[in-house]
Amino acid sequence: MASGGNSWKVPANAVVLDRGGFRRARAASGRFRGALKDLCVICGSLIVLTDPSDRARLGAQSASALANRNPGPPGLGWKSLELATAQLFANLAIQLFSGSVMAGTELITVSQAAEALSASTQTIRNWIRSGRLRGVRVGNRFLIPDGEIERMLGAVSAAIGEGPWEFGEDEPGPSLPRARAAGTGSPQPLLGG
Amino acid sequence: MADSEQAFQEARAAWRSALRDHVLAPPDAGFSARLANLAAAASQRALACEAAYKDGFEWPAAPGGANPPYELQPGSGRRGPDPLWQQFDEAVAELGRVSEGRSIRAVGRAYAELADIASQLAKAVAREDRTSGLLPPARTARRRSG
Numbered sequence: 001m002a003s004g005g006n007s008w009k010v011p012a013n014a015v016v017l018d019r020g021g022f023r024r025a026r027a028a029s030g031r032f033r034g035a036l037k038d039l040c041v042i043c044g045s046l047i048v049l050t051d052p053s054d055r056a057r058l059g060a061q062s063a064s065a066l067a068n069r070n071p072g073p074p075g076l077g078w079k080s081l082e083l084a085t086a087q088l089f090a091n092l093a094i095q096l097f098s099g100s101v102m103a104g105t106e107l108i109t110v111s112q113a114a115e116a117l118s119a120s121t122q123t124i125r126n127w128i129r130s131g132r133l134r135g136v137r138v139g140n141r142f143l144i145p146d147g148e149i150e151r152m153l154g155a156v157s158a159a160i161g162e163g164p165w166e167f168g169e170d171e172p173g174p175s176l177p178r179a180r181a182a183g184t185g186s187p188q189p190l191l192g193g
Numbered sequence: 001m002a003d004s005e006q007a008f009q010e011a012r013a014a015w016r017s018a019l020r021d022h023v024l025a026p027p028d029a030g031f032s033a034r035l036a037n038l039a040a041a042a043s044q045r046a047l048a049c050e051a052a053y054k055d056g057f058e059w060p061a062a063p064g065g066a067n068p069p070y071e072l073q074p075g076s077g078r079r080g081p082d083p084l085w086q087q088f089d090e091a092v093a094e095l096g097r098v099s100e101g102r103s104i105r106a107v108g109r110a111y112a113e114l115a116d117i118a119s120q121l122a123k124a125v126a127r128e129d130r131t132s133g134l135l136p137p138a139r140t141a142r143r144r145s146g
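For the protein sequence lines, the chains are A and B, in the order given.
For the first sequence, my numbering gives the first residue as 1, with consecutive numbering after it.
For the second sequence, my numbering gives the first residue as 1, with consecutive numbering after it.
I should point out that these hints are in silico values taken from the structure, not numbers from a laboratory.
One thing to keep in mind: the hints can contain errors.
[Claimed, not checked] Here are the simulated lysine to any residue pairs, SDA-like style, with alpha carbons at most 25 Å apart:
no.: 1; chain 1: B; residue 1: Lys54; chain 2: A; residue 2: Ile128
no.: 2; chain 1: B; residue 1: Lys54; chain 2: A; residue 2: Pro177
no.: 3; chain 1: B; residue 1: Lys54; chain 2: A; residue 2: Pro174
no.: 4; chain 1: B; residue 1: Lys123; chain 2: B; residue 2: Ala29
no.: 5; chain 1: B; residue 1: Lys54; chain 2: A; residue 2: Ala179
no.: 6; chain 1: B; residue 1: Lys54; chain 2: A; residue 2: Gly163
no.: 7; chain 1: B; residue 1: Lys54; chain 2: A; residue 2: Glu162
no.: 8; chain 1: B; residue 1: Lys54; chain 2: A; residue 2: Arg129
[Unchecked claim] Stretch by stretch, here's where chain A covers chain B in the computed footprint (C-beta under 8 Å, at least three residues):
no.: 9; stretch: 27-36
no.: 10; stretch: 74-80
no.: 11; stretch: 120-128
[Unchecked claim] Away from chain B, derived, C-beta distances all over 10 Å, residues of chain A:
no.: 12; residue: Ser111
no.: 13; residue: Ser118
no.: 14; residue: Ile128
no.: 15; residue: Met152
no.: 16; residue: Glu162
no.: 17; residue: Arg178
These figures come from a predicted structure and were not determined experimentally.
The beta-carbon is built from N, C-alpha and C at its ideal position, and this holds for glycine as well.
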């Protein structure tokens, strides 16, 4: 899914923070100053922490050097921060937001998601804002994990019936789909024991 | 169309008819009768699901998130015992959950559970309404003499 040239894969074992996580890390920065050993790169409000081995290997390099190794999300260049600042955010993120792991996730753009789901780009944005579709905000753009597309496609194709509380008078009912293995009925009745 | 599929569609129509009775209904003395109708329709759906299951059909998975008619929702001033309404709400949630899947047996069981609780509620509400005078006292059956 979405392995085309425009998609972007989050480095393995990376931690991605959305705008809220970034703000919280920034707000709490005073508490953790001094324990800065890791490296991260920051693009807009997205923080990507590399895995520990990368951080050790690249420890002597600057954040911009790491950014050059990974071009970042499509259409967005990395905005490297001064190394100490990057390290500060990296450590804070690890300590505060280790639940925000999206390791190995492939992120696609709103346009790609719209094409995959046969919806408009505005619909995709609305779905993200309403929580129906998971996405991360990067500056003024959204990126969507490709697993979300598969989940949505599954949900759309699965929903062929009607909800239990629909009551329209003239709507024809959905035809009953056949089970793959027919005739698997159980002798136990539903009602009356 | 298989007999079970025909029965399924008839049960669907009866269920939707019972639901329409609840929609925009005033808080009147007919509440217990509407609940009894809902229970009967849910029971019919449960039996139809069971028959369809035995004929090898699946439930047509539905999108979730819908709610029952207003007078059946929490906070609407529903008459009747709270513990039973709690069970009703749980049965509603279960029905919504299984309706998103494909197991027609699970849906049938959920309708059966809902039917049972709605039936108990109908009786309890009718009792309350008779006590409060909203419904006339129940007539006792007279034995025919001779």
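Which numbered conditions among the earlier hints are violated in the structure presented, ordered from lowest to highest? Hints 1, 8, 9, 10, 11, 16 and 17 not satisfied by this model.
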